[in-house]
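Student: This is what each chain is made of:
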Amino acid sequence: MRFPFKTSYNQDIRIFRDKVDAFWYGLLAVAVLVLPLLLDDYSVGEISWVFIYGICGVSLMVLVGYTGLVSLGHAAFLGIGAYAHAYFIMHGAPWIVAVVLAVVITTACGLIVGLPALRMTGIYLAIATLAFSVIIQEVFSRWESVTHGFAGMKVDVPVIFGFAFDDGRSFYFLCLFFLVIVLWLTRNLLRAPTGRAWVAIRDSEIAAQSMGVNLAIYKSMAFAYSAAVMGLAGALFAHKIGYLAPDIFTILLSIQFLLLVIVGGLGSLHGAVFGAIFVALLPPLIAILRDGIPDSMNQLAANTGLRVIGMLGTAIGEFLKKPGVEAGIFGLILVLVILLEPLGMYGRWLKIKLFFSTFPMYKASTFKRQKTYMRSERLR
Amino acid sequence: MTLLNSRSYWQATRGNRPHVCRGWKLVIFLQLTLNGLAVGCIYGLVALGFVLIYKATELVNFAQGDLLMLGAFVCYMSVVWWGLDYWLGFLIAVVAVGAFGALLDRVVLRQVIGQPQFAVVMLTIGLGAMFRTFASVTWGSEIYTLPTPFGGVWTVGGVTLSHQYLSIVFGTLVLCGVLYAFFNHTRIGVAMQATSQNQLAAYYMGIPVKLIFSLIWAISAGVAAAAGILLAPVTLIDINMGLAVALKAFAAAVLGGFGSIPGALIGGIIIGLIELYAGATLPEGFKDTAPYIVLLLMLIVRPQGLFGSLARKKV
Numbered sequence: 000m001r002f003p004f005k006t007s008y009n010q011d012i013r014i015f016r017d018k019v020d021a022f023w024y025g026l027l028a029v030a031v032l033v034l035p036l037l038l039d040d041y042s043v044g045e046i047s048w049v050f051i052y053g054i055c056g057v058s059l060m061v062l063v064g065y066t067g068l069v070s071l072g073h074a075a076f077l078g079i080g081a082y083a084h085a086y087f088i089m090h091g092a093p094w095i096v097a098v099v100l101a102v103v104i105t106t107a108c109g110l111i112v113g114l115p116a117l118r119m120t121g122i123y124l125a126i127a128t129l130a131f132s133v134i135i136q137e138v139f140s141r142w143e144s145v146t147h148g149f150a151g152m153k154v155d156v157p158v159i160f161g162f163a164f165d166d167g168r169s170f171y172f173l174c175l176f177f178l179v180i181v182l183w184l185t186r187n188l189l190r191a192p193t194g195r196a197w198v199a200i201r202d203s204e205i206a207a208q209s210m211g212v213n214l215a216i217y218k219s220m221a222f223a224y225s226a227a228v229m230g231l232a233g234a235l236f237a238h239k240i241g242y243l244a245p246d247i248f249t250i251l252l253s254i255q256f257l258l259l260v261i262v263g264g265l266g267s268l269h270g271a272v273f274g275a276i277f278v279a280l281l282p283p284l285i286a287i288l289r290d291g292i293p294d295s296m297n298q299l300a301a302n303t304g305l306r307v308i309g310m311l312g313t314a315i316g317e318f319l320k321k322p323g324v325e326a327g328i329f330g331l332i333l334v335l336v337i338l339l340e341p342l343g344m345y346g347r348w349l350k351i352k353l354f355f356s357t358f359p360m361y362k363a364s365t366f367k368r369q370k371t372y373m374r375s376e377r378l379r
Numbered sequence: 000m001t002l003l004n005s006r007s008y009w010q011a012t013r014g015n016r017p018h019v020c021r022g023w024k025l026v027i028f029l030q031l032t033l034n035g036l037a038v039g040c041i042y043g044l045v046a047l048g049f050v051l052i053y054k055a056t057e058l059v060n061f062a063q064g065d066l067l068m069l070g071a072f073v074c075y076m077s078v079v080w081w082g083l084d085y086w087l088g089f090l091i092a093v094v095a096v097g098a099f100g101a102l103l104d105r106v107v108l109r110q111v112i113g114q115p116q117f118a119v120v121m122l123t124i125g126l127g128a129m130f131r132t133f134a135s136v137t138w139g140s141e142i143y144t145l146p147t148p149f150g151g152v153w154t155v156g157g158v159t160l161s162h163q164y165l166s167i168v169f170g171t172l173v174l175c176g177v178l179y180a181f182f183n184h185t186r187i188g189v190a191m192q193a194t195s196q197n198q199l200a201a202y203y204m205g206i207p208v209k210l211i212f213s214l215i216w217a218i219s220a221g222v223a224a225a226a227g228i229l230l231a232p233v234t235l236i237d238i239n240m241g242l243a244v245a246l247k248a249f250a251a252a253v254l255g256g257f258g259s260i261p262g263a264l265i266g267g268i269i270i271g272l273i274e275l276y277a278g279a280t281l282p283e284g285f286k287d288t289a290p291y292i293v294l295l296l297m298l299i300v301r302p303q304g305l306f307g308s309l310a311r312k313k314v
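Each protein sequence line maps, in turn, to chains A and B.
Start counting the first sequence at 0; every next residue gets the next number (numbering that gives the first Met the number 0).
Start counting the second sequence at 0; every next residue gets the next number (numbering that gives the first Met the number 0).
Check the hints yourself; a few may be wrong.
Unchecked claim - Anything over 12 Å on all C-beta distances counts as not near chain A; from chain B, calculated:
| id | residue |
| --- | --- |
| 1 | V26 |
| 2 | L87 |
| 3 | A98 |
| 4 | G125 |
| 5 | T132 |
| 6 | L172 |
| 7 | V173 |
| 8 | L174 |
| 9 | Y179 |
| 10 | Q192 |
| 11 | S213 |
| 12 | N239 |
| 13 | I260 |
| 14 | V293 |
| 15 | I299 |
As the list claims (entries may be wrong) - Using C-beta positions, here's what the derived DEER-type ranges look like:
| id | chain 1 | residue 1 | chain 2 | residue 2 | range |
| --- | --- | --- | --- | --- | --- |
| 16 | B | A98 | A | L338 | 44 to 54 Å |
| 17 | A | I285 | B | A118 | 23 to 33 Å |
| 18 | B | L281 | A | L284 | 44 to 54 Å |
| 19 | A | L251 | B | P282 | 24 to 34 Å |
| 20 | A | N187 | B | E283 | 21 to 31 Å |
| 21 | B | L210 | A | G25 | 27 to 37 Å |
| 22 | B | R109 | A | L284 | 27 to 37 Å |
| 23 | B | V177 | A | N187 | 55 to 65 Å |
| 24 | A | L338 | B | V152 | 47 to 57 Å |
| 25 | B | Y179 | A | R190 | 50 to 60 Å |
| 26 | B | W81 | A | P283 | 40 to 50 Å |
Don't read these hints as lab results, they were simulated from the structure.
It should be emphasised that the depicted structure is a prediction, and the values quoted were computed from it without experimental measurement.
Where is the CB? At the ideal position from N, CA and C, for every residue including glycine.
Just chain B, with the same shape it has in the complex (with noise of 0.2 Å):
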């Protein structure tokens, strides 16, 4: 994916100015943090579905990058087609998706749980595929501009603080910051906690597990629309958007190990960063394929992932 071109803004700047000799690498080391903060964010947020949804119900859910494509065109379609208020498209975009990521877990995956994990993984691969041909039929194959209101750029000391990239940055935290609050001091987070450390038991407790099954994927879905929706003006929206951001996302969530939430966003991060870094500094090709090297790596070295707990059965 080439959320912003690192190489040729290191050309660039290493050509327009000359006379800078001290202090514009580190201009330039910031500005890729920066950029590379941002990338990670929406991979964070990407990873975060998965997560929530693999804790709760043990599904992996390989559609994740889908719902974010979806998320960006319904967004697209209150803005552009209906002339909507560019908050309320996001608003309009987040409780869609999530609506229908309910549905979805009611009406298809419910019928799965209990199967190996495999069948469920190709399960929602097939439905991904099934979006992306809804998405190309309904809206077309071409790629599209969502109209923003973070236009601006500001500039502190040579780094360029661009608004998209400072939106994504914030909407992640704040986002996070809401998705805590929601699982720690609200009864019903509480219950999604219990839910996912053992079922059974919060069954017996009294708790709709059901319920919480498909608020869960709601939460999952809505997540990746709004991750989708800070995305959009950068890499543009176009039907394969989502793929490309949920493999870089699935590597980080493994990165982070599989059913850890901080692990998602901090491995989401790692993600976003090295592949800035790497797009800078190393040669050519390397951009797209050293998240996946120090993926490899790691997994080898540590094959449960930074923050996963390695679960093995007692006999």
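This is chain A alone, in the form it adopts within the complex (with noise of 0.2 Å):
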């Protein structure tokens, strides 16, 4: 186990925590760069939306994970970034404009979005975010000027500086440079003094403000900033999704970024890469799975001789062609992680990491959570 010798505060705050970090993740970075010339279109296609929905995350994880506000309206800042953009698009202004504008925009709804959530706490603030988002989605629908409501909105490939980013390949870079500028952004954001109010807030906010945080400033911050991602996002899923329409921006989108974040990890950056990874590249597994379960034990079965195992692949294959399926695998698993590994595929993946590298020594409780069961000691 390697134990870095920490002399300055500076270097509790590096981005790599030492060398051997960093060569891990260049070799991340490289691998991710060839990536798209390894695999088909398919895949490079299904890769673009981990990196979108890693955006996503992100703006989600700021706030959920690390600021420790819940929304149940994410979806609606990822629509007006989404509509902003195209909207600017369509009316001529270049590319790099049309995401400023609609990062500003949206932005500005995250602040006027926090200003009556300064007041509020957990249950309340879910569903008040909630609200907003069903406001915003029947504006969607019947703003005909600006988002031709249900008839949907086309949106064009991606076009800076004159280069086209009209195949899945170059759109997969695109996505990967915000997806990594946004990553840099907030790991900066959070390991500055802004990311450290953020985190006391949410362990306690008496304590914070007694520390001198000013909660309403930071707690504003929090939402601009959480929407400002979600908008940029957002200008990154029109092009992805190509036609725009106001039920593409329901409670069950922003159920499902919750479920990215909780997923991941609360309260980790990996969490919400992490659980990008899953929500992005479950579907596509299910549709594989789907005709591979019955065709491969329809094989075996026919080399054994043991029918039981060929009837019992085409029952599951008809079971996960019924409608609503995947939703139902969703919550299975929403379930499963949080009662069997709160802190996400991250806290796993952590676990995993320390067994390794303290072998014999490992136990258990390292990890073990403190559980509050009076209800003085869970107000916070």
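Hints given; two lone chains; assemble the complex.
Tutor: Below you can see the structure in the form of structure tokens.
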């Protein structure tokens, strides 16, 4: 096991802990850059989704995972970003300008939602953001001069400085670029006083306030930053999906984002990316299994002569083909994660890493969490 | 949710009765009030389920709407598939879903007590998604009609009193009466009140807190099932009937102040009335959003809801 010997605070907040860390991230960067050359178009497209969901995940992670404010309405911010971007593109604005305007507009909306949120906590905040997203969704379908309502709105391919990102591979790199930028920005914010104030608010509002953190300013900042990142994700989302309609940005999408940050692991940027991989790649995986399981099990049945296996395989295939099964699988995984691994995929990853680095000495109680049963203790 | 298309009613009435000049506005107003009351009662019942569980266990159960859907489906299965009497089906559904609620508490939700509130909310959202999938696999994803004994209509001075809506209002009154009597005049009901006030003190007094929690889950799930069966003739039964109702009911519970039982019922009725009035008088699109606009304004002015109390930590 490596023990980094820290001699200054600057060392503690470095982006990479040491050279070994930097090496692994470098390797990851090379892998992601080479990946589109090795994979087919379909897979590259699916991985672009991972990057877009990753940006969404970072946005929600700042709000939920770091500041402790729960939003059930983030799909609305995504929608505002997407529609604003598409609108400006349609009216001839250059791509960069359209993105900046989209981000500015969503930031403003985030601030507006953040203001009433200053007085609310927990469940009240969740329902207030939910109400906001229902209202915004209605606006999307009624404000036809801008959003074209249910007729939908076509979004052209992005053209930046004359270069058209018209195939899956170039768009992959565009999404990757923005994900890296967002991760880098957010990481810097989080290791600066702003991020520490957010974490303090999450852990205890009263303690943070006593230490001189201005709750109003930092909560609004969290909302504004989260909305801004979501607006950027919205711009990419608009291009990726190609056709905007109001019924994309429902509460179900908001719930999917929350699922993303929880399954990934609350309170870590790694978690946002892990969660994005999970949310973006599970549906294609189910689609593969839908045909793969019956085929392979029938094959096995033919080889071994056991008809039961073949029938079981066909039954599983039939089950996976039923409508709504995918949502149920998501629900099941969510339930299992919260029951068995409340720290999410990143928490499990840390545990595995610690297990190997401290091999014979690992003890499960390292990650034991304090539970609070008294009402007064739960008020933070 | 389209419980009844009040806008088209408004226009149809205006078209059919041009000779009525005075009084017809009042008639429509009364009609809307009655229907809004019925819709609001459903919201109130579901909100009641939210609040009961929240008061006792401090968990927020987002699967309440899906328990409602399960209740409606079980009743449908008993009445249509097995050919049982409506009232027997009603009883079977309420008991079955109630037992299922208790089981849910025993198996799943007891594990997460003491975890952050948000984790529990997500857990119940996940459970709700599983219930919807279960329903679509078991009963299919079509839209079903539940035959009920309330087909008739009374007309009093131009106001149509449909038995379906009356049955909802009446059913809510009966349920609330029974619950009120139960909580105030039975030993176990008082024990439940004590548990929700202070878990630890109740435990020291010899109250079986775990059993009480399971019972509260059973009651909430049973109330949700009853609401689903009462609602079934109006919205018809499909796997997504619960979600829309639960969102509005959740708004109702927050409007009334999460944690107040009369607040939940009153909040539900307010949301129901706003929905119908807005649908009839405001431009299209306000029917579904008006309740949320009112809720948002209310939360800005009074963040703890109408009847809620603001809990503060004393340092």
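Student: With reference to the structure, classify each hint as holding or not holding.
Tutor: Okay, the hints, checked on the actual structure:
1. V26: holds (30 Å)
2. L87: holds (30 Å)
3. A98: Holds: least Cβ distance 20 Å, greater than 12 Å.
4. G125: violated (3 Å)
5. T132: violated (3 Å)
6. L172: Per Cβ check, L172 of chain B is outside 12 Å of chain A; nearest 27 Å; holds.
7. V173: Since the minimum Cβ distance to chain A is about 29 Å, V173 of chain B lies beyond 12 Å and the statement holds.
8. L174: holds (24 Å)
9. Y179: Since the minimum Cβ distance to chain A is about 25 Å, Y179 of chain B lies beyond 12 Å and the statement holds.
10. Q192: Non-interface label on Q192 of chain B holds, nearest chain A Cβ at 15 Å vs cutoff 12 Å.
11. S213: holds (17 Å)
12. N239: At about 9 Å from chain A, N239 of chain B fails to clear the 12 Å cut-off, so the statement is violated.
13. I260: I260 of chain B is indeed farther than 12 Å from all Cβ atoms of chain A, at 16 Å.
14. V293: violated (9 Å)
15. I299: violated (4 Å)
16. B:A98 <-> A:L338: 44 to 54 Å: Hint violated: Cβ distance 21 Å, outside 44 to 54 Å.
17. A:I285 <-> B:A118: 23 to 33 Å: holds (25 Å)
18. B:L281 <-> A:L284: 44 to 54 Å: holds (45 Å)
19. A:L251 <-> B:P282: 24 to 34 Å: holds (26 Å)
20. A:N187 <-> B:E283: 21 to 31 Å: Violated, since N187 of chain A and E283 of chain B (Cβ atoms, about 47 Å apart) do not stay within the stated range.
21. B:L210 <-> A:G25: 27 to 37 Å: violated (58 Å)
22. B:R109 <-> A:L284: 27 to 37 Å: Given range 27 to 37 Å: holds, Cβ gap about 32 Å.
23. B:V177 <-> A:N187: 55 to 65 Å: Given about 59 Å between the Cβ atoms, the range holds.
24. A:L338 <-> B:V152: 47 to 57 Å: holds (50 Å)
25. B:Y179 <-> A:R190: 50 to 60 Å: Holds, at about 55 Å.
26. B:W81 <-> A:P283: 40 to 50 Å: holds (41 Å)
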